[in-house]
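Peer 1: With the numbering used here as the guide, the letters of the sequence shown map in order to residues 1 to 296.
Read the hints as simulated data drawn from the structure, not as lab findings. Quick caveat: nothing in here was measured; it's all calculated off a predicted structure. Check each hint, because a few of them may be wrong.
To be verified - Under the rule of at most 25 Å between Cα atoms (straight-line distance), these lysine to any residue pairs were calculated in the SDA-like manner:
1. K162 with E61
2. K162 with Q71
3. K82 with E61
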Amino acid sequence: MSHDTAWPFPGPLVTDEPTDSRLDGIDPSFVFDFRSYDDPDDTDQRWSTWHSVEPLCRGPEPRPDWVVTSQAAIDTDLGILKTGKEADVFLLERAEPDGPSVVMAAKRYRGEEHRTFHRSAAYTEGRRTRNSRDTRALAKKTAHGRSVAAGQWAWAEWESLKRLWSLGLPVPYPVQLDGTELLMEWVTHDDESAPRLAQTRPERDLLECYFDQVRDVLAELAGHGIVHGDLSPYNILAAGERLVVIDLPQVVDLVGNPAGPDFLLRDCTNVCTWFRARGLEVDEHALFGELLAHAF
Numbered sequence: 001m002s003h004d005t006a007w008p009f010p011g012p013l014v015t016d017e018p019t020d021s022r023l024d025g026i027d028p029s030f031v032f033d034f035r036s037y038d039d040p041d042d043t044d045q046r047w048s049t050w051h052s053v054e055p056l057c058r059g060p061e062p063r064p065d066w067v068v069t070s071q072a073a074i075d076t077d078l079g080i081l082k083t084g085k086e087a088d089v090f091l092l093e094r095a096e097p098d099g100p101s102v103v104m105a106a107k108r109y110r111g112e113e114h115r116t117f118h119r120s121a122a123y124t125e126g127r128r129t130r131n132s133r134d135t136r137a138l139a140k141k142t143a144h145g146r147s148v149a150a151g152q153w154a155w156a157e158w159e160s161l162k163r164l165w166s167l168g169l170p171v172p173y174p175v176q177l178d179g180t181e182l183l184m185e186w187v188t189h190d191d192e193s194a195p196r197l198a199q200t201r202p203e204r205d206l207l208e209c210y211f212d213q214v215r216d217v218l219a220e221l222a223g224h225g226i227v228h229g230d231l232s233p234y235n236i237l238a239a240g241e242r243l244v245v246i247d248l249p250q251v252v253d254l255v256g257n258p259a260g261p262d263f264l265l266r267d268c269t270n271v272c273t274w275f276r277a278r279g280l281e282v283d284e285h286a287l288f289g290e291l292l293a294h295a296f
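Produce the entire structure from the sequences given, and follow the hints as far as they go.
Peer 2: Right, dumping it as structure tokens:
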């Protein structure tokens, strides 16, 4: 081969000209600075997972203005908010560099071997899995079945939150679901975590207002054939004068689940017992009958 023959394959350009001269005649608008972004150094940080989850695992539209969806955002764990029977709730900040940020509640469900929620069979009666393979794996308790079970409660709460939010009920906005991690609105009052209803000591007028709100939520749920299934003053947040219902993985079908009416009566008993202990004359059986009238 002659030394004068052009090398036919791509390779580095060798030239004696100064590097900057290669830019002569190039439109400056096509020249940009490139910066690479390394993974966050802090072990409590990660890149936002918003774009890594499938679209169906992102919150319903229209989304609140505070939801941060930028790929450049970084998620930072701020610490644990509360522990529960089947999951722990952390505070997580999602922030763009020099841009908007939001603090959310990150509910992380434990694997089956670390959970203490033993009543799951009663809640899942009549509930379907997403495909027959999962159903068989759950029944056989295979490795895949245990994996499915670990994520089943997160998925159930995600679906419940989306549905109830879309119905206009007072629940936290569901931001996204990523495996067994559910990101949702952090419910606050005076820039602090809103207390549970059980922790409050409302005056008479506010107490009556609270009961009216609980009754309205139960009636709206029953009207759509839904039962919270574990409602109590410990999973209702008091954000000032507004109540917000939380902890919804065990929502059951009032008709499809044979124990649906029993769960509804228990919800009525739990809330009426608390209000009655604070001086409000309410009766769980009267409330139960009122709710059944909404349902049928």
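Peer 1: Next, verify each hint and record whether it holds.
Peer 2: Now for the hints, and whether the structure bears them out:
At roughly 10 Å between alpha-carbon atoms, K162 and E61 fall within 25 Å of each other, so this suggested pair holds. As the CA atoms of K162 and Q71 are separated by approximately 23 Å, the hinted pair is consistent with the 25 Å bound. As the CA atoms of K82 and E61 are separated by approximately 28 Å, the hinted pair breaks the 25 Å bound.
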